[in-house]
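**Student:** Please assemble the complex out of the two chains, which come individually in their own frames, going by the hints.
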Amino acid sequence: MRPFSYERATTPAAAALAARARPGAKFIAGGTNLLDLMKLQIETPAHLIDVGPLGLDRIEETPEGGLRIGALVSNSDLAGDARVRRDYGVLSRALLAGASGQLRNKATTGGNLLQRTRCPYFYDTAQACNKREPGSGCAAIGGFSRQLAVIGVSDHCIATHPSDMAVAMRVLDAQVETVNAAGETRAIPMAEFHRLPEDRPHIDTVLPPGDLITAVTLPRPIGGTHVYRKVRDRASYAFAVVSVAAVLQRDGTGRVAFGGLAHKPWRVEAAEAALPQGAKAVAAIALAGARPTHENAFKVTLAERTLAAVISDARG
Amino acid sequence: MAGELELSRRGVLMVGGASAALATVSPAEAQTPPPDTAPTQMAVSFEINGADRTLELDTRTTLLDALREHLNLTGTKKGCDHGQCGACTVIVDGQRINSCLSLAVMHEGAKVTTIEGLGTPDDLHPMQAAFIKHDGYQCGYCTPGQICSAVAVLDEIRQGLPSHVSASLTDRPRATNEEMRERMSGNICRCGAYSNIAEAMAEVAGARA
Numbered sequence: 001m002r003p004f005s006y007e008r009a010t011t012p013a014a015a016a017l018a019a020r021a022r023p024g025a026k027f028i029a030g031g032t033n034l035l036d037l038m039k040l041q042i043e044t045p046a047h048l049i050d051v052g053p054l055g056l057d058r059i060e061e062t063p064e065g066g067l068r069i070g071a072l073v074s075n076s077d078l079a080g081d082a083r084v085r086r087d088y089g090v091l092s093r094a095l096l097a098g099a100s101g102q103l104r105n106k107a108t109t110g111g112n113l114l115q116r117t118r119c120p121y122f123y124d125t126a127q128a129c130n131k132r133e134p135g136s137g138c139a140a141i142g143g144f145s146r147q148l149a150v151i152g153v154s155d156h157c158i159a160t161h162p163s164d165m166a167v168a169m170r171v172l173d174a175q176v177e178t179v180n181a182a183g184e185t186r187a188i189p190m191a192e193f194h195r196l197p198e199d200r201p202h203i204d205t206v207l208p209p210g211d212l213i214t215a216v217t218l219p220r221p222i223g224g225t226h227v228y229r230k231v232r233d234r235a236s237y238a239f240a241v242v243s244v245a246a247v248l249q250r251d252g253t254g255r256v257a258f259g260g261l262a263h264k265p266w267r268v269e270a271a272e273a274a275l276p277q278g279a280k281a282v283a284a285i286a287l288a289g290a291r292p293t294h295e296n297a298f299k300v301t302l303a304e305r306t307l308a309a310v311i312s313d314a315r316g
Numbered sequence: 001m002a003g004e005l006e007l008s009r010r011g012v013l014m015v016g017g018a019s020a021a022l023a024t025v026s027p028a029e030a031q032t033p034p035p036d037t038a039p040t041q042m043a044v045s046f047e048i049n050g051a052d053r054t055l056e057l058d059t060r061t062t063l064l065d066a067l068r069e070h071l072n073l074t075g076t077k078k079g080c081d082h083g084q085c086g087a088c089t090v091i092v093d094g095q096r097i098n099s100c101l102s103l104a105v106m107h108e109g110a111k112v113t114t115i116e117g118l119g120t121p122d123d124l125h126p127m128q129a130a131f132i133k134h135d136g137y138q139c140g141y142c143t144p145g146q147i148c149s150a151v152a153v154l155d156e157i158r159q160g161l162p163s164h165v166s167a168s169l170t171d172r173p174r175a176t177n178e179e180m181r182e183r184m185s186g187n188i189c190r191c192g193a194y195s196n197i198a199e200a201m202a203e204v205a206g207a208r209a
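So the protein sequences, as listed, match chains U and X.
1 is the number of the first residue of the first sequence in UniProt numbering; add one for each residue after it.
1 is the number of the first residue of the second sequence in UniProt numbering; add one for each residue after it.
Treat the hints loosely; a few may be bogus.
[Stated by the list, open to error] Derived list of chain U stretches under chain X, where covered just means 3 residues or more per stretch with a C-beta under 8 Å from a C-beta of chain X:
{"id": "1", "stretch": "89-95"}
{"id": "2", "stretch": "98-104"}
{"id": "3", "stretch": "140-149"}
{"id": "4", "stretch": "254-266"}
[Said to hold, decoys possible] Non-contacting residues of chain X with respect to chain U, defined by C-beta distances greater than 12 Å in every case (computed):
{"id": "5", "residue": "Thr54"}
{"id": "6", "residue": "Leu55"}
{"id": "7", "residue": "Gly75"}
{"id": "8", "residue": "Gly83"}
{"id": "9", "residue": "Leu124"}
{"id": "10", "residue": "His125"}
{"id": "11", "residue": "Pro126"}
{"id": "12", "residue": "Ala129"}
{"id": "13", "residue": "Lys133"}
{"id": "14", "residue": "Arg190"}
{"id": "15", "residue": "Glu203"}
[Claimed, not checked] Some chain U residues judged to face chain X by a derived CB distance under 8 Å, without partners named:
{"id": "16", "residue": "Thr32"}
{"id": "17", "residue": "Leu35"}
{"id": "18", "residue": "Tyr237"}
None of these hints come from the bench; they were simulated from the model.
Every residue gets a Cβ at the ideal spot worked out from N, C-alpha and C, and that includes glycine.
The following block holds chain X by itself, in its conformation from the complex (with noise of 0.2 Å):
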């Protein structure tokens, strides 16, 4: 498997996975006694961009880890593992939500679009073309998270769901800076690319308006 060819280059970075967690024994764990639960598989169908998959799974699978070691989608990210980073941000259901804090059985039957469902590189999502053209990255690694928020954040705007910097809680807020950068908070940039982030964001809103 892909996964395990891949431990070596990824191994820090799937500390939190289930796959590794197994053979990662911190002081705390060894003090406690070995768990009584073997390992549970269980079947799990869901619609992965558009297409029907269904997979066998350790229920400790994050729906993150589904995506990247078991579908090999790995446009999204896995960056702190704890949803406090956005790297991992994927859209279910027409809501954006971080699939490293959700297990994978927890989505039968559910639609979930990736960054790859989105757009293709003939083919590109009006968001990712503005990222592209507002620089809205460096290193990059944060982008699929962004790119699945910012467009899941343009949808609740359009919605008239207001955020924590709207003045009124009543009137249908607008796709200004202020409103953007509030929103966008759950998705860390080390490079700090986001005034180009917002920027982007801004044409596609513009755009669309």
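Next up, chain U with everything else stripped away, as it sits in the complex (with noise of 0.2 Å):
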């Protein structure tokens, strides 16, 4: 690691403020993420900002029936707590799908959404990657993109968002609270929070750099069968190579968002609406302009059966 300066945070809004007079500074919460990309000096912050101290720990009731999730609260308690697991049971499969047990227990809500990609050209300093260094090229496309993404690419980045929480939080219509060095709150839609690559691929989120996540808000309960299917290499801790968050009701409509497919939890409202139909028309319209690559065009297809795979099981 390069060395860096360490400070404890007070409120979220001086947390902020502190980002703002450090450029190179980052915000340090779980760390599972932050620690094993400064180790690889894929991120060399001169300056961490441990938010660890500022509470945001917390599943509170909102006035609208919905819950609202602190920023810290980590991935274990999350996936555990008694109403997420009885409301919104899409989003503890999704978490407890991913990482490993000490994992979970240190990943918080707001880290787990700004995770970076998984892309093994990403991982490897000696190789192009314009995420990790803007304009060195993507030595992704034409390499090893079997786990890569399918959808949403551009000619700079094929790279997948490796989240399972983000894809349940995204059919779930979850909305991301933030704070900024002047205090400022805003709530951004999961729809609208991480970005597609284009010709910036450097840039995940749509979060101004600075900005801090304080929480993330689910809106009332919706019922229906909840189910989160992931497929991936192995039975337990890998990334998912597909999946799928849903939730079905009983006359046949529902949400669907896929994960492992694009550089956001990809989901297509318009293709719901296909839901009655079957997971063949749902996919038809939520994959159309799949641009996959030589390795990873089986991905389009696994989509489609593992939907089927989730239609057929909630039916029973």
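**Tutor:** Here is the structure:
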């Protein structure tokens, strides 16, 4: 690791202010992704602002009947919360399908959203990567791309967002609450939070540098059958090749989002109208315009079949 | 310091550690300009295995390196140093974590339990005794992490927390072999002692049931 100075944050707005005052500073919460990247010198912050002391670790009911999840609630605590297990099962399931028990105990809600891609070319500092080093090129395009994105890709980047949690939050219409250095708060819909790579793949989200995530809110429960199905190369502790988060209602309607396919959780609301017609009809709309590589075209078929399995399971 | 004498033996394993990073220059590092921040020292106080300890550390020091190199608690092992193998698992404030992916200074005031704090050769923790009885290891390198993780897993099941393989999110999970295997997936054993580890855990779970 490169040397860095370190401070403990006192309030969310003060943390954002401290970040603005120190270019090159980064927030650290659980640290499970940032420290990994710092050891590899993919991230080299000169200053760390530890947001751990801020609290922000409670899950509270909102006046609208939903939940407000503090940014520092651990993945374990969120998955294990009785209200989440009862009313937002797809979120518990997605969290429990991710990482390992040790990592879930440390990884936070805000940090999970902000984790970087696991594209092997992003991790290998000897390779060209526009996300790690803007303008250097993309070694993944034409390289080993089996795990990488099939839709929403650009000529500059085919990385995926690795989170399971974010896919479930997308299907639940969650909002990300933030605060900036001026103390102003904002609520960003999950649909808009993560970007597509376009010609600036080094920018993962719409969160301005130095702004801090304080919470994620969930609207009131929508009922239905909640399913998160993750297809991966091992039975446990592996990133998704393809995943499907779904909330399906008795009348055949519902919501569906895909993980492992794109630079962000992939949900196409217009495709959901086709749910009563089955997985093929949904996938035809949701994955229209897919641009897979020579190695990952199978993901398009796999996504459709995984959705078919999810619909079949939900119908019992 | 013991750490310096042991550099030759453990040099390869220490490449990720702060103390070795300064002496190791990879091609990627050579291309980047020298750091503009000097190493920063900070004090941190925590409770390790019931004893209050205060250390003055380079901010880069992980909890793992603080335990091994500064407190000489070498029971906790450094495997991958990237949170992938689980050899460094310790219990912090009642929860198992990868000590390699956490900075020591982030644990001000924390209560840390390592394998040395679970039991001693004369007074084994029931999980340590069960690992011996069921031969839950071969080379033993992953064992301290496996045991810390296993103790925490049974606690998580006792608290009623579900896992990826639990059929229901709302019913209490049972300490089945399938539950044990899923919950232990963050601890890799390259000798492949998994079935015996699960047997050891089942015995301890049964004894408590």
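**Student:** Would you mind marking each hint as holding or not holding in the structure?
**Tutor:** Evaluation of the provided hints:
1. Counting residues of the stretch 89-95 of chain U whose beta carbon lies closer than 8 Å to any beta carbon of chain X gives 3, which reaches the threshold of three, so the coverage claim holds.
2. Counting residues of the stretch 98-104 of chain U whose C-beta lies closer than 8 Å to any C-beta of chain X gives 5; at least three are required, and the coverage claim holds.
3. Restraint check on the stretch 140-149 of chain U versus chain X: 0 residues with Cβ-Cβ distances below 8 Å, three needed, restraint violated.
4. Residues of the stretch 254-266 of chain U with a Cβ under 8 Å from some Cβ of chain X number 0, which does not satisfy the need for three, so the listed coverage is violated.
5. Against the 12 Å criterion, X:Thr54 stays outside the reach of chain U, whose nearest CB is about 16 Å from its own CB.
6. Against the 12 Å criterion, X:Leu55 stays outside the reach of chain U, whose nearest CB is about 14 Å from its own CB.
7. X:Gly75, annotated as away from the interface, keeps every beta carbon of chain U farther than 12 Å; the closest lies near 17 Å.
8. A Cβ of chain U approaches the Cβ of X:Gly83 within 12 Å, the least distance being about 6 Å, so the stated non-interface status is violated.
9. Distance check on X:Leu124: its Cβ is at least 23 Å (rounded) from any Cβ of chain U, clearing the 12 Å threshold; non-interface status holds.
10. Non-interface call for X:His125 relative to chain U: holds, since the shortest CB-CB distance, roughly 19 Å, exceeds 12 Å.
11. Remark: the non-interface label on X:Pro126 is consistent with the geometry, its nearest Cβ contact in chain U lying 20 Å away (cut-off 12 Å).
12. At the 12 Å boundary, the C-beta of X:Ala129 stays outside the reach of chain U, the nearest C-beta of that chain being 23 Å off.
13. X:Lys133, annotated as away from the interface, keeps every beta carbon of chain U farther than 12 Å; the closest lies near 24 Å.
14. Residue-level check passed: X:Arg190 sits 15 Å from the nearest beta carbon of chain U, beyond 12 Å.
15. No Cβ of chain U comes within 12 Å of the Cβ of X:Glu203; the nearest lies about 20 Å off, and the non-interface call holds.
16. About 5 Å separates the beta-carbon of U:Thr32 from the nearest beta-carbon of chain X, less than 8 Å, and the hint is met.
17. Of the supplied interface hints, the one on U:Leu35 holds, with its beta-carbon coming within about 5 Å of a beta-carbon of chain X, less than 8 Å.
18. A hinted interface residue such as U:Tyr237 counts as satisfied when its beta carbon comes closer than 8 Å to some beta carbon of chain X; here the least separation is about 4 Å, so the hint holds.
The structure is inconsistent with the numbered hints 3, 4 and 8, although it conforms to all the rest.
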